[in-house]
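Asker: Following the hints, complete the assembly by docking chain B onto the known chain A.
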Amino acid sequence: MDIVVCVRRVRDGAEPGRSAIGPLERHALEEALRLKERFGGRVTALAMGSPPAGRALEEALAAGADRAVFLCDARFAGADTLATARTLYYGIRRLGPFDLVLCGNESATGATGQVGPQLAEFLGVPCVTHVRRLEAPAPDRLLAERALEHGHMRVEVWLPALVAVVKGINTPRLPTVWGIMAAAEKGITVWNAEDLGLDPHLVGLEGSPTRLVRERKTEFGRRREIFAGPPEEAVRKAVARLKELGVL
Amino acid sequence: MTRDVWVWAEQRQGRLLPVSLELLGKARELAPALGGAPAAVLLGHGVEEAAGELFAHGAEKVYLVDHPLLALYQGEAYADLLARLAGERGPEVSLVGATALGRELAARVAAKLGTGLTAHCVDLYVNEEERLVQVVPGLGRGTLWEYVCLRNPQMATVKPGVFPVPKGDPGRRGELVRVPCDLREESLRARTLEMVEEEPAGVSLEVAEVVVAGGWGLHAAGGFEPVRELARILGAAVGGTRPAVDRGWIPEELMIGQSGKTVSPRLFVSLGASGAMHFTTGFLGSGVVFAVDQNPGAPIFEVADVGIVGDLRAVLPLLIEELRRARGGSAPAE
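Chains A and B, in that order, give the protein sequences. Counting from 27, one number per residue, gives the positions in the first sequence under the numbering used here. Counting from 30, one number per residue, gives the positions in the second sequence under the numbering used here.
The hints are simulated quantities; they were obtained by calculation from the structure and are not laboratory data. Fair warning: there could be bad hints in the mix.
Stated by the list, open to error - What the simulated footprint calls covered on chain A by chain B, stretch by stretch (three residues with Cβ under 8 Å from a Cβ of chain B suffice, anywhere in the stretch; the number is not a length):
| id | region |
| --- | --- |
| 1 | 98-109 |
| 2 | 138-145 |
| 3 | 160-174 |
| 4 | 233-243 |
As the list claims (entries may be wrong) - Which residues of chain A face chain B? A partial, calculated answer using Cβ under 10 Å:
| id | residue |
| --- | --- |
| 5 | T155 |
| 6 | L268 |
| 7 | G272 |
| 8 | V273 |
Unchecked claim - Example chain A residues on the side facing chain B (calculated, C-beta under 8 Å, incomplete):
| id | residue |
| --- | --- |
| 9 | H178 |
| 10 | V181 |
| 11 | W184 |
| 12 | F253 |
| 13 | R262 |
The beta carbon of each residue, even a glycine, is placed where N, CA and C say it ideally should be.
So that you can see chain A by itself, here it is in the shape it has in the complex:
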């Protein structure tokens, strides 16, 4: 099974002991490694951004990914989800045929959950998001459990496909010393917009149809009656005020 895992870099990785890979992407990587253990094949970790690369891809290699690719170009900066998905698509296209793309359901920061489905659309494959359980009854077919607000759906999906996972699907493994040593030998491939044959007008801010036009401060219009001082008195006054407001 040829699997590509989209790995998001997080700034926390600068701190020793913290993972440089986004929390959900670690689950995606773990799921990929488990599928490879069962069916054989190859796991490719793919990250995108403007330099520097950070430690995320090294960490993916140490955990067991076979190769790592960093789509790196200053022109990728300012990309919205559509331009991000398009860039990842060109990267995967350059990698060649695949069976499965795994990604986190949403980033820890933007949390839009849009890049996965948009990437699937560019790739022309089906996708299942919010996946909390994944079974592979055969190497060309998956059974996914998609979490809903109150409940779930069971979805059967034929490969190639894209699956976006949520927390709880698995427990990510920790890199071993052996893995860390092996990672150093694998190396990271770096591709820029030209390497991908990607028109620079289609990436980064320029390739993004959404535009930030204004930042403003908001007036919350709250009463802001804050009681401090001796706790007994503050509690009594606050509760009396809530009663007057008719909410108790």
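Answerer: Same frame as chain A, but now just chain B:
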């Protein structure tokens, strides 16, 4: 081409989700400024009754696609149909509820149409250039970012609970447009086999009149128990911040904020949460906000109507006692 404002009418087993009606209310408000009409797109099987409810809540047109294979959400087919319809009819704006399914669908449709999509909108309005302004929480205290989309349709997702459900008028009628569909089972490369709906345990956050939420500051008061105790006294639903989830005090589905639930209860109580924007955007629509924290400079007090600054270990037991008295000394519900 129209200048209409579309809403994806999400139904599960024939029942419309409230968020679709909430968005329809907003669509009605936006449409006149754009010179168009509010319309809904309803996909499913045997769901015509829901169209009546959409008319009652302000849709002037309902595009209905009825097919046995559409009874359950089928990602690719739903996205194909919505994108094809939008391509043919050219709506100005297309709004989708940010549910587990809506977020996937909207993203896929936006990519098909090559248009922009903005998530986490807390407000939407039309500017002087007759473009849709999408307001989302920014970084930093009380900061909002306003986005516009350079292409059409301008697409946005909005969480359940951000806008109120408009009052329905069962007498209202509209134009029902039946859209043919020749979907075949073989064409579904991903197929939803079944949907299992679970009843939420306890008072559901989304519909609760009172919500009590806790944050990381509670570790100083020995943990999350005061939140549960207050919730019992007030008959409230329990929620919390991201750190409360990370500490294992509450499950992820009770998280309030940007990547969690949005609630608009009559009374929102926040205990030991400093008030990071990622959290506060989840309850901005509440009637009255009551906050307790030990840090007088905490941003939670900027979004509170009534607040107490003090040591949580001292304040919380007194508060529990005082509120129990205020509620007529009624015994806990459990």
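Asker: So, for every hint listed, does it hold in this structure?
Answerer: Structure-based check of all given hints:
1. 98-109: Coverage by chain B holds here, the residue count being 3 at a Cβ distance below 8 Å.
2. 138-145: This one holds; 7 residues, not fewer than the three required, reach chain B with a Cβ under 8 Å.
3. 160-174: Since three or more residues must qualify, the claim that chain B covers the region 160-174 of chain A holds, with 3 doing so at under 8 Å.
4. 233-243: holds (count 10)
5. T155: holds (4 Å)
6. L268: L268(A) check passes; min Cβ-Cβ to chain B is 6 Å, inside 10 Å.
7. G272: OK, holds: G272(A) within 10 Å of chain B, min 8 Å.
8. V273: Holds, about 4 Å.
9. H178: holds (5 Å)
10. V181: Holds. Min distance 5 Å.
11. W184: holds (5 Å)
12. F253: Holds. Min distance 5 Å.
13. R262: holds (6 Å)
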